[in-house]
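Asker: Sequence:
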Amino acid sequence: MRACIAGVGLSLLLPLAAHAHGPNPTNLWIVNLTWTGNRLSVGTPTKLTKDNGASQPAFSPDGRSVVFSAQRDTGSGAQSDIYRIDLATGVETRVTQTPENENSPTMNERGEYLAVRWRPATLFKEFGPWVYSSSGVPTRGVLRGPDSTGYYTPLPNGNYALTRPKSRSFTLGLFDAASGAITDVDSGIPALPPQVIPGANALSYVRVDTATARHVLGRVDLATRRTSTIGPTLVGRTAHSWVAGHQTVLMAKGNVLYARAAGETAWRVVASFDNPELRDLSAYAVSPKGDKLVLTSPRRLSLASVLRDSLEAGRSGADVVAMATAMRTAGTFATLDVTENSLVGVGNDRLQKKRPADAVALQSFATTLFPQSFRAFEALGDAQQASGDRTAAQASYRKALEVNPRSTDGQRTAAAAVERKLAGRS
1454 MRACIAGVGL SLLLPLAAHA HGPNPTNLWI VNLTWTGNRL SVGTPTKLTK DNGASQPAFS
1514 PDGRSVVFSA QRDTGSGAQS DIYRIDLATG VETRVTQTPE NENSPTMNER GEYLAVRWRP
1574 ATLFKEFGPW VYSSSGVPTR GVLRGPDSTG YYTPLPNGNY ALTRPKSRSF TLGLFDAASG
1634 AITDVDSGIP ALPPQVIPGA NALSYVRVDT ATARHVLGRV DLATRRTSTI GPTLVGRTAH
1694 SWVAGHQTVL MAKGNVLYAR AAGETAWRVV ASFDNPELRD LSAYAVSPKG DKLVLTSPRR
1754 LSLASVLRDS LEAGRSGADV VAMATAMRTA GTFATLDVTE NSLVGVGNDR LQKKRPADAV
1814 ALQSFATTLF PQSFRAFEAL GDAQQASGDR TAAQASYRKA LEVNPRSTDG QRTAAAAVER
1874 KLAGRS
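All residue numbers for the sequence shown refer to my numbering, where the first residue is 1454 and numbers rise by one.
For the record, the hints were derived by calculation from the structure and aren't laboratory data.
Just so it is clear, the structure is predicted and the values come from calculations on it, not from any experiment.
Cβ coordinates follow ideal geometry from the N, Cα and C atoms, glycine included.
Among the clues, some could well be false.
The calculated DSSO-like cross-link candidates involving lysine-lysine, where the alpha carbons are at most 27 Å apart (straight line), are [stated by the list, open to error]:
hint: 1; residue 1: Lys-1807; residue 2: Lys-1852
hint: 2; residue 1: Lys-1852; residue 2: Lys-1874
hint: 3; residue 1: Lys-1706; residue 2: Lys-1503
hint: 4; residue 1: Lys-1745; residue 2: Lys-1503
hint: 5; residue 1: Lys-1742; residue 2: Lys-1706
hint: 6; residue 1: Lys-1806; residue 2: Lys-1852
hint: 7; residue 1: Lys-1874; residue 2: Lys-1807
hint: 8; residue 1: Lys-1619; residue 2: Lys-1806
hint: 9; residue 1: Lys-1500; residue 2: Lys-1807
hint: 10; residue 1: Lys-1619; residue 2: Lys-1578
hint: 11; residue 1: Lys-1745; residue 2: Lys-1500
hint: 12; residue 1: Lys-1500; residue 2: Lys-1874
hint: 13; residue 1: Lys-1745; residue 2: Lys-1806
hint: 14; residue 1: Lys-1806; residue 2: Lys-1874
hint: 15; residue 1: Lys-1503; residue 2: Lys-1619
hint: 16; residue 1: Lys-1706; residue 2: Lys-1806
Derived DEER-like restraints, expressed as beta-carbon distance ranges [said to hold, decoys possible]:
hint: 17; residue 1: Gln-1700; residue 2: Asp-1515; range: 42 to 52 Å
hint: 18; residue 1: Ser-1588; residue 2: Thr-1499; range: 37 to 47 Å
hint: 19; residue 1: Ala-1876; residue 2: Thr-1718; range: 46 to 56 Å
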């Protein structure tokens, strides 16, 4: 999900790859939540997973275990499965061993599991939300046919809230078990399950502001299906969870946990963590009793996250690159996850937001860090083209072809796309 330099002189000449880290897995952490009146106290985080990857955690109905999705197998046929951690013992158990992928797992009161079941060859044309026995055997589909559901939230009476990819964004739909109908109620939401608001027949979700990352929390009344706005999220963040019995919603950013109660207009800090593995937090799931919170965080903070947060705070691409260059010189990259694709992705995002000058600065920096990256040079050419500098764009495209080894089908396909751009046929 989401190497480095100790000084200005000789250190700047060292290749970045010499300082590269290995994989950067996301881990699950748990903290206790304690209330004294209206004051929330947060305990010391305990690491649940062991640097082998985990995503989409959810509590069991009794709050004694956490289920999640993870890909632990290796090789070309590896897929994600459901795992469960017993919170009393810390023992992790693999639940499913199917040839398909299982994502967004939850557990019901009968001890059954639910998950989005899929495989790449038939994505959205087969399976969908699926029920699994307590031993991990797939038993039946939830919907009346295959569906493009990516995430879901179980509701009473066999109903579900569905997060479904449509076009370039996700849509929030409500599935009625009695009729089998799915009614879309809002769109432009992130790839996350909506959250049940404790004590209310309603759900919360995030409406994404693709231009400025000033997202807002939305609310849908399940009786009327009318939507309204709760208030702003933390800038650039979308994961949130409600604390049962306290009308309080939690979000996290960086190494800080924030809360906002009903009637409050601003987020307040409730805890900050000094563990170096907790620098890119998400507040993902609160236990049914509201006494525990599962946090997710990659083992290392990614440079891409640092750059994106700075851009979303209003800094220009040039300013952000200057900051990153200073960090590199100071050796800060040694503690960060610095990857080609994530950095190119930040630049591409600025281009999509119609900020070509930012994109040029960021992609130029990416080519500095990864001088053999044909993807970075192609992306730089795209940004320069959007800025109106066709001469510079052509030079970057030619460089992309020069450094592309064309030894795989993917590399040859990428080279062909660049050649079309050079010829003005893209």
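Asker: None of the hints should be skipped; say for each whether it holds.
Answerer: Hints, verified against the model:
1. Lys-1807 <-> Lys-1852: 24 Å, holds
2. Lys-1852 <-> Lys-1874: Satisfied, since the Cα-Cα distance of roughly 13 Å is no more than 27 Å.
3. Lys-1706 <-> Lys-1503: 22 Å, holds
4. Lys-1745 <-> Lys-1503: 20 Å, holds
5. Lys-1742 <-> Lys-1706: Status holds; Cα separation ~24 Å.
6. Lys-1806 <-> Lys-1852: OK: Lys-1806 and Lys-1852 at ~25 Å, within 27 Å.
7. Lys-1874 <-> Lys-1807: 20 Å, holds
8. Lys-1619 <-> Lys-1806: Satisfied, since the Cα-Cα distance of roughly 20 Å is no more than 27 Å.
9. Lys-1500 <-> Lys-1807: Status violated; Cα separation ~40 Å.
10. Lys-1619 <-> Lys-1578: 14 Å, holds
11. Lys-1745 <-> Lys-1500: 13 Å, holds
12. Lys-1500 <-> Lys-1874: Answer violated: Lys-1500 to Lys-1874 is near 48 Å, above 27 Å.
13. Lys-1745 <-> Lys-1806: 38 Å, violated
14. Lys-1806 <-> Lys-1874: Holds, at about 21 Å.
15. Lys-1503 <-> Lys-1619: 35 Å, violated
16. Lys-1706 <-> Lys-1806: 22 Å, holds
17. Gln-1700 <-> Asp-1515: 42 to 52 Å: 23 Å, violated
18. Ser-1588 <-> Thr-1499: 37 to 47 Å: 28 Å, violated
19. Ala-1876 <-> Thr-1718: 46 to 56 Å: At roughly 55 Å between Cβ atoms, Thr-1718 and Ala-1876 fall inside 46 to 56 Å, so the hint holds.
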